[in-house]
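Q: Chains G and W, in that order, give the protein sequences. Following the numbering used here from start to finish, the first sequence increments by one per residue and tops out at 517. Following the numbering used here from start to finish, the second sequence increments by one per residue and tops out at 117.
One should not assume that every hint holds.
Said to hold, decoys possible - What follows is a list of derived Cβ distance ranges for each label pair:
no., chain 1, residue 1, chain 2, residue 2, range
1, W, I46, G, V276, 25 to 31 Å
2, W, P69, G, S432, 45 to 51 Å
3, W, R33, G, E129, 55 to 61 Å
Said to hold, decoys possible - Once the Cα atoms are required to be at most 20 Å apart in a straight line, the calculated EDC-like pairs of lysine to aspartate or glutamate come out as:
no., chain 1, residue 1, chain 2, residue 2
4, G, K266, W, D93
5, G, K266, W, E111
6, G, K197, G, D150
Source of the hints: derived by calculation from the structure; they are not laboratory data. Note that beta-carbon positions come from the ideal geometry of N, C-alpha and C, so glycine has one too.
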Amino acid sequence: MTGAPADELARVVREHAGRLAASLVSLLGDFSAAEDLVQDAVEAALRRWPDEGIPDRPDAWLHTVARRRGLDVLRRESVYRAKLELLRDPAPAEPDGRLRLMFTCCHPALPRAAQIALTLRVVCGLTTGQIAAAFLAPETTVAQRITRAKKKIAEAGIPYRVPAAGELPARVREVLAVIYLLFNEGYLSSTAERAHSRDLVDDAEWLASLLTGLMPAEPEAAGLLALIRLHRARDAARFDDSGGLVLLRDQDRSRWDHDAIAAATALLTRTARRHRAPGPYQLQAAIAACHAEAARWDDTDWRQIVVLYDMLLRLAPSPVTRLHRAVAVRHADGPEAALGELKDLRAALDRYPLYHATHAELLRDLGRPGEAREADERALRLTANPAQQALLEERISWSGTAP
Amino acid sequence: MFMDTEQFTKDLEAMTGDERAEAVRKVEQWFADHAGRITGGSKLAPPHTATTVRLEGGGEPVITDGPFMEGKEVVSGFAEIDVADLDEALAMVRTWPACPTVEIRPVER
Chain G
115 MTGAPADELA
125 RVVREHAGRL
135 AASLVSLLGD
145 FSAAEDLVQD
155 AVEAALRRWP
165 DEGIPDRPDA
175 WLHTVARRRG
185 LDVLRRESVY
195 RAKLELLRDP
205 APAEPDGRLR
215 LMFTCCHPAL
225 PRAAQIALTL
235 RVVCGLTTGQ
245 IAAAFLAPET
255 TVAQRITRAK
265 KKIAEAGIPY
275 RVPAAGELPA
285 RVREVLAVIY
295 LLFNEGYLSS
305 TAERAHSRDL
315 VDDAEWLASL
325 LTGLMPAEPE
335 AAGLLALIRL
345 HRARDAARFD
355 DSGGLVLLRD
365 QDRSRWDHDA
375 IAAATALLTR
385 TARRHRAPGP
395 YQLQAAIAAC
405 HAEAARWDDT
415 DWRQIVVLYD
425 MLLRLAPSPV
435 TRLHRAVAVR
445 HADGPEAALG
455 ELKDLRAALD
465 RYPLYHATHA
475 ELLRDLGRPG
485 EAREADERAL
495 RLTANPAQQA
505 LLEERISWSG
515 TAP
Chain W
9 MFMDTEQFTK
19 DLEAMTGDER
29 AEAVRKVEQW
39 FADHAGRITG
49 GSKLAPPHTA
59 TTVRLEGGGE
69 PVITDGPFME
79 GKEVVSGFAE
89 IDVADLDEAL
99 AMVRTWPACP
109 TVEIRPVER
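Make a model of the complete structure from these sequences and hints.
A: This is how it looks when you write it as structure tokens:
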């Protein structure tokens, strides 16, 4: 087997990096040392697998490399050395350790940005570059965050375990935020060759599902799971045959997975019935459900969506959410009203491509094609996502030279 | 490390004798509840008793009146605890009945 394709490589690495990290942390009792070994093994795999092909047993391969490297690096640390000698291939099958790993990565003693960066790298095997793109942050900043976070885990004594029942609700909120970002990264990946890195979305859905199973009384875990499934139900209609992004308005709704939509909506309704006020993930899922349940674009209940965004903004104010609300306002009250909402967001979202793409759409609605084209060009410069780029390029060439 | 704020100090001053006695009792209770894990510590005298010596610059040390940092929060004491991990420390601190800010930091070994 030769010439492993890049996406397959990424999928296998993501599948195994977190498992290896979990078993090494258990074995060594040292998060930072374990993570270093995993990164070494992953880097070796990314170097060698493209030529040699992906081995039949990637987990065993990664374990062997991590162990060999560990024995080499940790030569002076007799405690680690003795433990690593015990490491057999493959690691004993234990309950999925990635959840424990996530709770450590998402400890409240770490800054939020570091929690997310660390989880994406350690649990999911993302590169620092992919994380930087998801954060709209420079790569060096993300690398520093990870280094500092690992140091803090080691020095401040952040434990490696699923928290006790009493602490769980607060701690799960941190984990949910990470899964949500992971889903976003996968749903509209900013750096991948393909616009849609399917396996990352798989990871997010799998983690949300695991969390829902572990915490059946936690409505937001179910809310996040419903949100992810409602988005995924539209997968088949999101891209055209040449890989171009199809906007929601233009999607062929007969290609949506209506069974999945019904199941996710039922999950959401069941959850809402059992709990009081819905949390941010349930509200976002409710917004996604409004879209998913509209038989045609024109049937979309925009007023209801604006109301849901208002509820969401009260719980979790964010400029990106306000941008989405402005899009709903455009359909409920017209482009002029939406443009007014956008003005205040410029400072916060100047580096966010969708801000400029939305701005362009509103300007075009209002008969200002010259300014619209400028906004599209700005959006194009800011996005690394090939499908978004293609869409924007098409719009720019279609709009011709500015009058 | 226990941190007092200006507001906390004011609130304390505004208390009646009984209220203050009750506050002190709660703190004593907390220390009693966690006695097994507390290995040291002290309450510090108020910030107006502080004297700060600055040695930077290579010249004569500069001696000033007051705490090293003029801020809304001042270190008012510390307790040394022996716990397995940060979560155990956090669980202890969650029940702390007095000043509004507590900083947890490992001791260098």
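Q: Which hint numbers doesn't this structure obey?
A: none
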